[in-house]
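Taking the hints into account, I'd like the entire structure generated from these sequences.
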Amino acid sequence: MVAGVDLPAVLGQVLVGLSRAMILFIVSAGLTLILGVLRVPNVFHGSLYMLGAFVAWTVAEAVGAHPAGLWLALAAAPLVTAAVGLVLERLLLSRLYHREHLMLILFTFGVMLILNDAVKLLWGPTYRSLVPPPSLQGAVTVLGVALPTFNLVLLAAGPLVGLGLWLFTHRTRAGRVARAAATDRDMVAVLGVDVNRVFGMAFALGCFLAGLGGALVAPTTSIMLGMDHSLLIDSFLIVIVGGLGNLWGALAGSLLFGVTQSVGLLVWPQFAVAFPYAVTAAVLLVRPTGLLRSAW
Amino acid sequence: MSGRILLGLALAALAAAPAILPPFFLYLLALVLVTGLLATSLNLVLGYGGLYQFHHGVFYGIGAYTAAVGITRLGWPVWLAFLSGPLAAGVAGLVIGFFCVRLSRLYFGMLQLSLGSFVWIVALRWYPVTGGDNGIHGIPLPPVLQTLPGAYALVAGGVAASLGALWAVVRSPFGLTLQAIRDNPQRSEVMGVDVRIHQLAAIVLAAFFAGVAGVLYVALERSVFPSMLFWVLSLEILVMCLLGGWFTFSGPLVGAAVVVGLRTLLGRHTEYWTLALGMLLILLIFFLPEGIMGHLQQRWTAHRTPSARPATAGNVRG
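Taken in order, these protein sequences are the chains called A and B.
Okay, so the first sequence: first residue is 1 according to the numbering used here, each after it adds one.
Okay, so the second sequence: first residue is 1 according to the numbering used here, each after it adds one.
It cannot be assumed that every hint is accurate.
[As the list claims (entries may be wrong)] Part of the chain B face toward chain A, derived, beta carbon under 7 Å:
{"#": "1", "residue": "103"}
{"#": "2", "residue": "107"}
{"#": "3", "residue": "118"}
{"#": "4", "residue": "125"}
{"#": "5", "residue": "281"}
[Unchecked claim] Just so you have them, the derived chain B footprint on chain A, three or more residues with Cβ under 8 Å:
{"#": "6", "stretch": "91-105"}
{"#": "7", "stretch": "143-155"}
[Unchecked claim] Partial chain B-side listing against chain A, Cβ under 8 Å, derived:
{"#": "8", "residue": "52"}
{"#": "9", "residue": "110"}
{"#": "10", "residue": "111"}
{"#": "11", "residue": "114"}
{"#": "12", "residue": "121"}
{"#": "13", "residue": "233"}
{"#": "14", "residue": "238"}
{"#": "15", "residue": "272"}
{"#": "16", "residue": "278"}
{"#": "17", "residue": "282"}
{"#": "18", "residue": "288"}
{"#": "19", "residue": "289"}
{"#": "20", "residue": "292"}
No lab work stands behind these hints, which were simulated from the structure alone.
Here the structure is a predicted model, which means the values were calculated and not measured.
Cβ coordinates follow ideal geometry from the N, Cα and C atoms, glycine included.
Pasting the structure below:
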């Protein structure tokens, strides 16, 4: 790569990597919220991402050619996944909080197995694709590099979600209570706050973000069974590398993941997908609890 | 005493199986034995060591791939390849474990997961050596291993010997120290135990026997593929330990029998067998948190001795 560096190619890969990083960020922000507030390693987070993509496809398909279809799909999918998450949390997960992490991991793994088969039952094993409205098709030229137009939506969505989450956790009472509960849930309960409601809300919000990530990725890729697999591990590693429960850590980890992988494609295409795992391992060796301060 | 009788009966049943069972069930039994050894090896680290080894499948895959690559690409004799599999897995355990034991619980698991995922990608992408996502099929083995009874004999013998060795390990002073560390690392440290060395040794031993399981899988199936290294398989191994009871020695074997049996028998009728596994898992977590063997053991010993559960079995988190 040193000999004959193709600057536009590098820049293009960085931009593509950034848009991928924004998807990773939105999904991992949900995961890190759930980890930070509820201390639940949610293995079915990836399944909700996949479910979000399929729901978005169904809504867009039902609306048809109208340009509003995509926006309706982007709104509906996260609401569905948030509802699924809320029901599971209230009915089952909330009864397991006192058990060890391994039990929570296995419970959420069980839900993952069920959800994935449910998606297979509902949509079947065939590939789907969601075509964005004409205004978002094609490519735009950014800094002399052709970038798919829809990637602009992704590049805007990441910072918006980050900002929204920051405003929620730092500027609203509910968010402050959630942060306090993350640090010391017993103390918050003693102060007369209904911690259960906070937990349910935080979990639903995390699941909302998983669905939003899935809906946002839907127009850029084929929607299929198994699309949750690598994403789940990636977002777990991102959350760990960033510092458990740390929103900005999730952003840092996502950027690290998205950009090392896409730039890696220029360096060593065959093994580019392995780059993020190597980087994660390296970071954890130097900073065993992640880049930024963990909520744990 | 009754334990010895049970063991003798089990060994006799294993020896008699080829004469009694139809080929499909003999094959299924061999698969259960291999998977059971894999789960039991994980449980040395998980149940006895208290470490969350999320990606145990990596050692299984390394063992199997080393044997397969040795035979097909390097032209090694089969016995040498079969010997090198567990050794390579043990070395991988040493390297991965060396880094992981510095971290606590969930971080330990996550670093292990990321290193394991790295190995998975290598297997998936290193086409000339690993065959990429196709894996390696039709590995040439001696004629005797190409018959089901021959492969079964090697699998049953290898698994029985390995389980015997693992049983000796957990009953040895080393195994007891490991359990003491699991129950109270601080107190063990104060008593002069080198916690990390013991944990690392457990990881290396577990990796070695996972490598044995990998090699036996090659003997049974004559193929390897990247999904042996995929994290979903590793979570399934964890499920087996929990399902059977991760604070008992025989639990993982029982859990492996349930999962493999369910997959094979349900899988013939429906493609939605994981739905059944997921529901079983959730029911178990709610109603039988000790696992099948853990529950039985508690019922058997309840009237004689106090519970054999470690002090940390209930509520410890973090």
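For which of the previously enumerated hints does the structure constitute a violation, in increasing order of number? 7, 13, 18, 20
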